[in-house]
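A.B. asks: For reference, the chains in residue letters:
2 protein chains.
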Amino acid sequence: MHDVRMRGFRERTAVARALELLERRIQRLGDEPAPIARAAGRVAAEHVAARVSVPHFARAAMDGYALSGEATLGATAGAPVELALVGASFPGRPHGGAIRPGEAVRITTGAPVPDGADAVLMAEHAEEVAGRDGGAAVRVRQPVPPGKHVAAIGEDVMAGAVVVPAGRRLRPQDVGVLASTGVAEVRVVRRPSVRILITGDELLPPGSMPSGASIVDSNSLVLSALARRDGAGDASVEYVPDRREAVRGALAAAGGDVVLVSGGSSVGPEDHAPLVLAELGEVAVHGVAMRPAKPAGFGFLADGRPVFLLPGNPVSCLCAYEFFAGPSIRALGGLPRAWPHRRRRCVVASKIVSERGRVDYVRVRVDGDRVFPIATGGASILSSTTRADGAVIVQGDEEAVVEGDEVEVLLYDA
Amino acid sequence: MHDVRMRGFRERTAVARALELLERRIQRLGDEPAPIARAAGRVAAEHVAARVSVPHFARAAMDGYALSGEATLGATAGAPVELALVGASFPGRPHGGAIRPGEAVRITTGAPVPDGADAVLMAEHAEEVAGRDGGAAVRVRQPVPPGKHVAAIGEDVMAGAVVVPAGRRLRPQDVGVLASTGVAEVRVVRRPSVRILITGDELLPPGSMPSGASIVDSNSLVLSALARRDGAGDASVEYVPDRREAVRGALAAAGGDVVLVSGGSSVGPEDHAPLVLAELGEVAVHGVAMRPAKPAGFGFLADGRPVFLLPGNPVSCLCAYEFFAGPSIRALGGLPRAWPHRRRRCVVASKIVSERGRVDYVRVRVDGDRVFPIATGGASILSSTTRADGAVIVQGDEEAVVEGDEVEVLLYDA
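Heads up: the sequence lines are chains X and G, in that order. First residue of the first sequence? That's 0 in numbering that gives the first Met the number 0, and the numbers climb one at a time after it. First residue of the second sequence? That's 0 in numbering that gives the first Met the number 0, and the numbers climb one at a time after it.
For the record, the hints were derived by calculation from the structure and aren't laboratory data. Treat the hints with care, as some may be off.
If several chains are the same, the list does not tell them apart, and a pair holds so long as it fits within one copy or across any two.
When the alpha-carbon atoms are kept at most 27 Å apart in a straight line, the in silico DSSO-like pairs for lysine-lysine are as follows [as the list claims (entries may be wrong)]:
1) Lys-350 / Lys-293
2) Lys-147 / Lys-350
3) Lys-147 / Lys-293
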């Protein structure tokens with residue numbers, strides 16, 4: 000009478016071994032071009048070098064007068080040097096042509112310093128006067144060293160220099176600098192496309208009102224949001240009936256770079272996902288020494304794409320995602336595998352019980368520097384994660400974390 | 000001859016005073032509805048309560064047999080109790096009707112516990128046998144207390160309970176729990192719409208190759224990416240010629256909740272933005288005791304919308320955004336004003352010089368726990384921010400931060 004699948008897991012894989020396996024099998028995806036205006040937040044697939052120097056002309060670093068430093072040698076208050084004002088240079092509207100040693104042009108910050116000039120005299124230190132020939136002149140009362148207040152070509156970035164190393168997630172200023180060096184397009188790591196299969200005949204889509212024996216699926220929302228956090232380019236959801244052929248069909252037809260299957264991952268009579276995955280590829284891990292999410296697993300389709308078997312239980316689903324799917328999705332997109340949460344060291348205020356050989360994902364509240372485990376009725380209580388400020392992971396070599404111990408909290412707030 | 004605007008700032012506002020002013024004047028925007036499937040990452044505008052309890056029926060917390068605990072009173076290995084197996088309850092496919100005290104139904108985790116039953120006997124502790132009447136039965140060798148392995152109605156969330164407090168940026172699990180309680184739509188704070196006006200006749204749009212006296216604008220990319228980081232719903236860019244009437248027209252026509260003006264904010268002859276803003280509303284602050292970004296300012300259009308005057312100089316632009324525009328955009332969208340960077344405490348490895356009364360934004364490299372200021376040629380060197388790992392803010396009451404001092408680094412990596 001008993002379905003063998005109701006007997007439970009004979010053996011559970013250690014979390015560390017499961018992660019090693021994923022690290023070995025899952026590498027980053029290929030790359031694609033991104034226009035510079037849409038490259039912020041993407042991961043550079045290769046070193047990106049400046050195409051042009053910045054600045055690509057000698058540039059005034061002050062408002063004032065561009066002149067030849069040599070022409071001001073020996074200038075003093077008693078014996079000022081007067082230079083004829085022969086024009087002006089504004090950003091984008093440079094002085095047309097070179098100046099001679101006895102000449103100067105008005106210049107504003109950022110404007111090209113004309114040929115023949117090599118320094119800028121600050122406006123505050125200069126005095127405009129009527130020149131001997133009736134034209135305007137500028138009176139200089141102290142020498143201006145060549146190079147003063149002039150940004151040399153390439154002062155900011157030299158053409159050919161690497162601005163952004165491969166693997167960097169492009170920050171706002173990175174795309175700014177790249178654009179200023181003439182880079183129009185960057186090779187970036189492709190973002191993984193995530194397919195989410197939700198099994199469970201009792202489930203209504205989010206936005207529904209629960210009624211009768213039906214409940215509202217929350218895993219699709221949690222998984223989509225987590226996948227987007229982890230760099231997924233898209234995350235699409237499909238509801239799959241609790242029949243073996245339906246699960247098989249959906250898994251066989253699933254596109255994307257990663258498939259997440261929620262529900263039907265355990266050892267009950269309706270748990271088709273592991274069997275179906277074994278037929279379509281391989282189950283690498285099924286059953287993990289952890290709490291919650293003991294029935295979690297993962298494997299690979301025949302073409303190598305990873306499939307994560309996530310328990311339908313909402314806390315277990317979130318936990319299994321965070322331990323196994325999250326690092327893998329990040330790695331596919333070229334991001335670090337490490338959990339992306341902010342971390343804070345806190346002191347345990349109330350004992351957290353675990354078990355040697357098992358990794359525990361414990362929802363906690365943080366109060367100042369003190370951390371309290373949330374008393375829950377079990378892994379099905381998703382509200383434990385909304386009441387929590389974060390999670391503490393108790394590693395397999397610990398039996399408990401006791402009052403006064405220091406732990407690292409992974410904070411839920413982004 | 001001299002335009003008075005070339006004389007420099009007579010007085011500079013302290014950063015703290017400028018921020019106080021912004022805190023007083025800038026409050027969060029109104030709210031709008033968001034379907035639950037698109038609510039992750041949005042800020043709840045009001046407390047959100049459960050519409051329905053979770054679970055909304057008594058639910059099996061284990062695979063096994065649903066039964067009446069009372070019927071198993073006194074059961075022992077020697078004197079087991081046999082209950083007639085009268086059906087099964089699966090999630091979404093409950094047992095049709097109530098059971099009597101001498102009956103049980105097979106049940107899987109998550110399925111409704113039928114009326115008449117109040118406990119679940121774990122599959123592992125039960126034995127199916129042929130019953131006296133020839134039908135199937137389950138043999139019970141120990142009493143099962145009423146309530147055992149049954150999640151009561153509302154165990155996770157009670158109808159009417161507040162699941163998410165007003166002001167919370169919705170995390171993946173928050174939208175999950177809300178959906179499971181029948182919430183289809185959430186009132187969320189509207190995301191600010193940001194208009195970016197880029198002035199500077201010398202500027203080419205990103206993606207161009209710099210040539211002649213023209214350079215490529217980087218501020219539009221940096222500002223757009225920062226605004227999106229800070230919760231902007233959209234950030235649109237317009238290039239504006241360096242003519243007073245053009246700047247006036249663009250500012251008068253700018254929609255959005257916030258306007259960022261890049262360039263033309265200083266006291267040079269081409270710096271039209273402050274004068275134009277004074278005509279169209281008010282300039283609240285112009286000139287700040289900080290480095291870089293001294294010429295930064297802000298004010299308000301006649302209808303109260305804030306306008307930030309950001310220096311065209313790329314590092315100053317970024318810095319002025321971070322100090323003034325960023326906190327304001329976050330506050331408009333209901334997010335905390337505090338800088339969103341990850342923080343790390345580090346030890347200063349090389350003296351950072353500042354000046355009493357001035358706030359400095361210092362780009363730094365981090366090496367282990369040690370922090371080094373980046374030697375730069377000035378505020379125009381945007382590559383200083385791409386070489387940096389983060390920034391240290393030296394407050395106005397410090398003249399310098401010296402070797403061995405502990406400082407907080409605002410890390411650039413998200």
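A.B. asks: Enumerate the violated hints, using their earlier numbering and listing them in ascending order.
C.D. replies: The structure breaks none of the hints.
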